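Participant: Here is what each chain is made of, one letter per residue.
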Amino acid sequence: MKKSAFLGTLTAATFAAGFATAGTLEDVKAADELKCGVATGLAGFAAADAAGVWQGFDVAVCRAVAAAVLGDGTKVKFVPTTGKTRFTALASGEIDMLARNTTWTFSRDVDLKFEFVGVNYYDGQGFMVPKALGVSSAKELDGATVCIQTGTTTELNLADFFRSNNISYEPVPIETNAEAQAQYLAGACDVYTTDASGLASTRATFENPADHAVLPEIISKEPLGPLVRHGDNQWGDIVRWTLNALITAEELGVTSANVGKTGMEAGKNPEVNRLLGTEGDLGAMLGLDKDWAARAIAVGGNYGEIFEKNIGEKTAIGIARGLNASWTDGGLIYSAPFR
Amino acid sequence: MPDFSYVRSEMLPEKAPPKSEVGIYGWLRTNLFSSVTNSILTVVALYFVVSLLRGVLPWAFSPTWGAESLSDCRGILHELGREGHFAGACWGVIRERWTQLLFGFYPIEALWRPLVAFILLGVAMAPVLFTSVPKKLLWFSAVFPFLCFWLIWGGSIWFPLAIFAGLLLAGVAFILVTRYSGSTLVGVIATMLVPVLWWIFFTDPVSSAVHFVLPISLEQVESQNIGGFLLAVLIGLTGVTLSLPLGVILALGRQSDLPLLKYSCVAFIEFIRGVPLITLLFVASTLLNYFMPPGTNFDLVLRVMIMVTLFASAYMAEVIRGGLAALPTGQYEAADSLGLNYWTAQRLIIMPQALKISIPGIVSTFIGLFKDTTLVGIVGLFDPILLSTNIRADQAWNGVLWELYGFIGLVFFIFCFSMSRYSMYLERKLATGHR
Numbered sequence: 026m027k028k029s030a031f032l033g034t035l036t037a038a039t040f041a042a043g044f045a046t047a048g049t050l051e052d053v054k055a056a057d058e059l060k061c062g063v064a065t066g067l068a069g070f071a072a073a074d075a076a077g078v079w080q081g082f083d084v085a086v087c088r089a090v091a092a093a094v095l096g097d098g099t100k101v102k103f104v105p106t107t108g109k110t111r112f113t114a115l116a117s118g119e120i121d122m123l124a125r126n127t128t129w130t131f132s133r134d135v136d137l138k139f140e141f142v143g144v145n146y147y148d149g150q151g152f153m154v155p156k157a158l159g160v161s162s163a164k165e166l167d168g169a170t171v172c173i174q175t176g177t178t179t180e181l182n183l184a185d186f187f188r189s190n191n192i193s194y195e196p197v198p199i200e201t202n203a204e205a206q207a208q209y210l211a212g213a214c215d216v217y218t219t220d221a222s223g224l225a226s227t228r229a230t231f232e233n234p235a236d237h238a239v240l241p242e243i244i245s246k247e248p249l250g251p252l253v254r255h256g257d258n259q260w261g262d263i264v265r266w267t268l269n270a271l272i273t274a275e276e277l278g279v280t281s282a283n284v285g286k287t288g289m290e291a292g293k294n295p296e297v298n299r300l301l302g303t304e305g306d307l308g309a310m311l312g313l314d315k316d317w318a319a320r321a322i323a324v325g326g327n328y329g330e331i332f333e334k335n336i337g338e339k340t341a342i343g344i345a346r347g348l349n350a351s352w353t354d355g356g357l358i359y360s361a362p363f364r
Numbered sequence: 054m055p056d057f058s059y060v061r062s063e064m065l066p067e068k069a070p071p072k073s074e075v076g077i078y079g080w081l082r083t084n085l086f087s088s089v090t091n092s093i094l095t096v097v098a099l100y101f102v103v104s105l106l107r108g109v110l111p112w113a114f115s116p117t118w119g120a121e122s123l124s125d126c127r128g129i130l131h132e133l134g135r136e137g138h139f140a141g142a143c144w145g146v147i148r149e150r151w152t153q154l155l156f157g158f159y160p161i162e163a164l165w166r167p168l169v170a171f172i173l174l175g176v177a178m179a180p181v182l183f184t185s186v187p188k189k190l191l192w193f194s195a196v197f198p199f200l201c202f203w204l205i206w207g208g209s210i211w212f213p214l215a216i217f218a219g220l221l222l223a224g225v226a227f228i229l230v231t232r233y234s235g236s237t238l239v240g241v242i243a244t245m246l247v248p249v250l251w252w253i254f255f256t257d258p259v260s261s262a263v264h265f266v267l268p269i270s271l272e273q274v275e276s277q278n279i280g281g282f283l284l285a286v287l288i289g290l291t292g293v294t295l296s297l298p299l300g301v302i303l304a305l306g307r308q309s310d311l312p313l314l315k316y317s318c319v320a321f322i323e324f325i326r327g328v329p330l331i332t333l334l335f336v337a338s339t340l341l342n343y344f345m346p347p348g349t350n351f352d353l354v355l356r357v358m359i360m361v362t363l364f365a366s367a368y369m370a371e372v373i374r375g376g377l378a379a380l381p382t383g384q385y386e387a388a389d390s391l392g393l394n395y396w397t398a399q400r401l402i403i404m405p406q407a408l409k410i411s412i413p414g415i416v417s418t419f420i421g422l423f424k425d426t427t428l429v430g431i432v433g434l435f436d437p438i439l440l441s442t443n444i445r446a447d448q449a450w451n452g453v454l455w456e457l458y459g460f461i462g463l464v465f466f467i468f469c470f471s472m473s474r475y476s477m478y479l480e481r482k483l484a485t486g487h488r
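Heads up: the protein sequence lines correspond to chains D and E, in order.
For the first sequence, the numbering used here gives the first residue as 26, with consecutive numbering after it.
For the second sequence, the numbering used here gives the first residue as 54, with consecutive numbering after it.
No lab work stands behind these hints, which were simulated from the structure alone.
Owing to the predicted nature of the structure, the values given are computational and were not obtained by experimental measurement.
A portion of the hints provided could be inaccurate.
To be verified - Example chain D residues on the side facing chain E (calculated, C-beta under 8 Å, incomplete):
{"id": "1", "residue": "D74"}
{"id": "2", "residue": "T106"}
{"id": "3", "residue": "T107"}
{"id": "4", "residue": "T113"}
{"id": "5", "residue": "A203"}
{"id": "6", "residue": "S226"}
{"id": "7", "residue": "T230"}
{"id": "8", "residue": "E232"}
{"id": "9", "residue": "P234"}
{"id": "10", "residue": "T340"}
Here a beta-carbon is modelled for each residue, glycine too, at the ideal position from N, C-alpha and C.
Build out the structure end to end from the sequences listed, making use of the hints.
Facilitator: Following this line, the structure appears as structure tokens:
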């Protein structure tokens, strides 16, 4: 009896595997490891620490997905990808998901055949100038020399902004953020422009951060988010709803500290119950078990905790929540309901 | 006979050379101030050297070895009353991350493995590099690549040994088949076929079977954890050892009379030399992914090693072809007149001379290859430069620039300078006087 049941299960599993062609979820479970593409080193978002352990805001998303799927936030193989290799790595199946502060754009979503599952950080291109320059608005930057990373969308945004405001600038092309810092501090350019999060982390490293100001103009929309390949909707749903679970957890006050307790005894809030699997069966719809979201939250905390730990105002980078506050606090971070 | 003479009969004692020609004064005069132009050049050069040192030394001598972050460094320097952007170097980053710069993310508890491999590398290279070392050690040099692979990547020892057994089988096949068939051609074909069949069909089962009986294994280390100078040395060393024989074969092929062989060698060399290394690296990291069936896990480090080796062997082929072209025709004719066949003539007469002529070119290619390994960062492998980016992504060290580059530059200099010194030693030793 037992043996035939086992054989039956095995057959069913074989058929299921046969029908679900190239299911990323099955692949991940079979490998017992999530292959997650991250940046090769970006302050606050992805970096290996002195012990070689990956830390950061994007890294935390990978860990949450690994915890939801495999039950362990450490079962992640971090594949460092450069700006040039990230999309091929994802398209070719070398990685299962990409969390590498990648801007969600039309062409990437549609033409490159990826699926952005959400936004985990709303960024935008800004300007940093020395206060000694006496500039209070980007529109006063006529004739300025601007340090800019070549081959990125920031270059195009900059050209658009200056042209639409009828002012001129002189670009100083640079390759990396480190080079930009050195050039800017040496006075090779009056202005440094890149994503506002990058400006914040760069400014925080200066000897006298107060001597430099980030101008109020944000000239582009850079919604950054994790992405997966087209064509595997189940896997896309898992990553999307793991991110949503982190966001919803913050909204509902579920933290890494209390997730175990709230999950134990069914609380009063039905959405918390649905999120943590004490009520309803949302996990099974995803092809996971009941506790998937609880595990994802337990590994690094909810969205707000992850933000505060990696890039928040208490860290050396010190980015305010701003647009990235929960919608209940006037920000843009918003998740569809767990229902 | 009168007891006087018109010329001096005894030697005068040697006089001390004039003060202006010996000692420090003389050295200065001959080397630094021998003419007005040289004196001016000396003074100008001294000025530049001194002002450079005056800028760099105070910066470099900065008591920040124990600092935990860049702001820590600034605090230490501030207490000493040193202010400003170039107040002093922040060496704490090297103290905290030097293992990462040297070995990447290699597990700390297993660091002895690359160290042992490095020491054994010295033993393996000694008989190749120096004639005074007993030749029997060459056996160790032959086994070393497999031992090194096992030490660095870990896993079962039987897998690399089984691969090595394939090479031994090839040798046995050559001897046996040649003896019994009487034809060298059949022997050569067997030599190529036997190890390939062995590697495809038998390596895995045999090594796992032996491992089952006698499990000797080290903990496996994934390729992506190998980085820093360990990665640079691994890629460089593979490229260097494999590109030399490949280059010799390609150079000979290019001079061959067989059109098919000749033009395939020419096409290979010209194609590889015609594309930048970065393009080849992109092919290795991205394009190959599309061609391989999904799910195959062809190690990126291995792919990059293959590409770097191909790249280096094309350049090596041209360097060696230069050496071959420099040999007078008389050498070839002399070999022919002695009745030597093609391979014996190459081995005994042509190659020793051609290689000797090409030593500076060969070593330059090696040094260039070693430095080119920093390019692998663009495909996401952690070479020392990309590691420095990663270290800066830690907000504690964000903004530290020259300390990291200085350290990396110093280590590269040690490697490249010793290679160039060795090449000069070799040239002196092999100088048999053609001048």
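Participant: Now tell me if each hint is right for this structure.
Facilitator: Status of the hints after comparison with the structure:
no.	hint	verdict
1	D74	holds, 6 Å
2	T106	holds, 5 Å
3	T107	holds, 5 Å
4	T113	holds, 4 Å
5	A203	holds, 6 Å
6	S226	holds, 6 Å
7	T230	holds, 3 Å
8	E232	holds, 6 Å
9	P234	violated, 11 Å
10	T340	holds, 7 Å
The structure does not agree with numbered hint 9 stated previously, though it agrees with all others.
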